[in-house]
Amino acid sequence: MTRRSLRGATAVVGVGETTYYRHGQAPEAEFVLCLKAIIAACRDAGLDPTDIDGFASYSNDRNDPPSLATALGCKELRFSNMQWGGGGGGGAGAMANAAAAITGGLADCVVVYRALAQGQFGRFGQGPQARTVNGDLALTVPYGQMSPAQWYAPKVMRFMHEHDIGQEALRAIAMASYHHAQSNPRAVMYGRPLTEEAYDASRWITEPFHLYDCCQENDGAAALILVSAERAKDLKQTPAYVLGAAIGAGYRVHSTPAGFATPDLASSHFKTLAPRLYEMAGVGPSDVDVVQCYENFTGGVLMALVEHGFFAPDEAMEFLKLENLLAPSGKLPLNTSGGNLAECYMHGLELQIEAVRQLRGEATSQVPDVNVSLAAAGPMVTPVSTILLGSEAVL
Amino acid sequence: MSQGYLPPGLPIPVPERNGLSAPFWEGLKEERIRVQRNPATGVFQFPPQWIAYDTQSFELEWVDVAPRGRIFSWTRVWHPVHPALRDAGPYIVVVVELPQAGNVRMLGNLLGDPRQDVEIGAEVEAVFEHHPDADPPYTLLQWRLA
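These protein sequence lines map, in sequence, to chains A and B.
For the first sequence, the working numbering assigns the number 1 to the initial residue and increments by one for each residue that follows.
For the second sequence, the working numbering assigns the number 396 to the initial residue and increments by one for each residue that follows.
What the hints contain is simulated information worked out from the structure, not anything from laboratory work.
Glycine residues also receive a C-beta, built at the ideal position from the N, C-alpha and C atoms.
Any given hint could turn out to be false.
What the hints assert, rightly or not - Estimated spans, in silico, between C-beta atoms of each pair:
1) A:Pro128 to B:Gly437: 29 to 39 angstroms
2) A:Pro185 to B:Asp530: 53 to 63 angstroms
3) B:Gly497 to A:Ala71: 48 to 58 angstroms
4) B:Pro485 to A:Gln129: 18 to 28 angstroms
5) A:Ala71 to B:Gln511: 55 to 65 angstroms
6) B:Gly437 to A:Ala71: 56 to 66 angstroms
7) A:Asp64 to B:Trp457: 36 to 46 angstroms
8) A:Thr195 to B:Asp528: 45 to 55 angstroms
9) B:Ser452 to A:Lys271: 27 to 37 angstroms
Put together the whole structure using the sequences plus the hints.
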């Protein structure tokens, strides 16, 4: 029996994004942002937008594939996909779905996209304004627990308690993102460096998260184009091959906001994914050259790095020092574009793009000789997802 | 008590239209903590659900459980995201596990000084915070150090 795998069958051949804005600052309609990111990714790939025959997104993106395909004049729509659940945890999942559709023969040229204009719609970080709440929300909102930071903080608090992890570990993760953003002109926080003193002096949002432990909210759009590996060879960019991907969560991981009831509370929920991911990709944690790890909150990154096998929980304080996390020469360069904290909260799709740029050698904080590039999406939600991209050398 | 830990104006908890969690909310009004249990196995589960996760039976029973627990985790909220909490100052949310109900977990506020040190593992007891004048009336389960 043929081994079922995505390994080496597809590649990312184009990436694109709009200008990234502070939330509410986008001068154009969200749908226009979405179209412009897709067209930018097509240009990068040297493909005609009308050749796109598949669309994959996540987190209930408001820009649906039939509307996009119609607007772009796509010749045919073959794959219309939404990764269900998990919000930003679907970023790598949408990539995996696109790769699976191409590998399985459902479509030939799939765009993965995400567009956000929070000024035109609701913001993530605001509580419900309804007069009554029911279901799982009724169990948390009346206690003043009603935003992602508030829902996820107890998970991190418990993990830090169990493993005696101090605030310095979270600070190093935040500072790595801000450090890398200073080399990235696309970054919303470009020109706005963060110091240890500023982190320490910043206000609490909800313990253990300071202001700088929390992602931004932004407007913009991002897109990536995937095609078969065979076709990728004929296109103009260095292909970023999909080595492997995994989506999901462990046993009885409750959706937010009932996450407090999840048996393994102190988790980012990659424990069951990571072994599958590495097995499919045929590489291990020590082969990974650079990591993009979704920062909704730094504490989620802490747990996600542990669960992807980069260090043991009890090594966190030693490993999570700023110098280890920086390109070009840190042990594990992390969030090298500035990520959700400091490049843009494009719901983590900017991290997928950065994973590709690192493989191409086009990153603004480039790690030398990248062959294996990891991008994880959505710690602490369910489902989460991770993708491993690789150069031709590792195929 | 009719005074809430948090200021008035937050959304009022109500059971779903289909009534799934009504026994829990009705129980709180009578100062009882009611949790679902699988009568065949004795396994407790919370939040309310239609089906027992261990046997896939739809025959779940509601049982009263001891109003005691211990703090499994917590957060102290400083940045409010609802207008009613704008001037509330910091407040503490605790995740409480109920050892006498299979370690199911519930949330609540930890009553007392909002700036107190919070200890994971500390024993807590239930406080029933009644809101008889709300429309509709409801009772919140809160916690204080035992």
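Hint check results:
no.	hint	in the structure
1	A:Pro128 to B:Gly437: 29 to 39 angstroms	holds, 36 angstroms
2	A:Pro185 to B:Asp530: 53 to 63 angstroms	holds, 54 angstroms
3	B:Gly497 to A:Ala71: 48 to 58 angstroms	holds, 53 angstroms
4	B:Pro485 to A:Gln129: 18 to 28 angstroms	holds, 22 angstroms
5	A:Ala71 to B:Gln511: 55 to 65 angstroms	holds, 56 angstroms
6	B:Gly437 to A:Ala71: 56 to 66 angstroms	holds, 57 angstroms
7	A:Asp64 to B:Trp457: 36 to 46 angstroms	holds, 42 angstroms
8	A:Thr195 to B:Asp528: 45 to 55 angstroms	holds, 50 angstroms
9	B:Ser452 to A:Lys271: 27 to 37 angstroms	holds, 29 angstroms
In this structure, none of the earlier numbered hints is contradicted; all agree with it.
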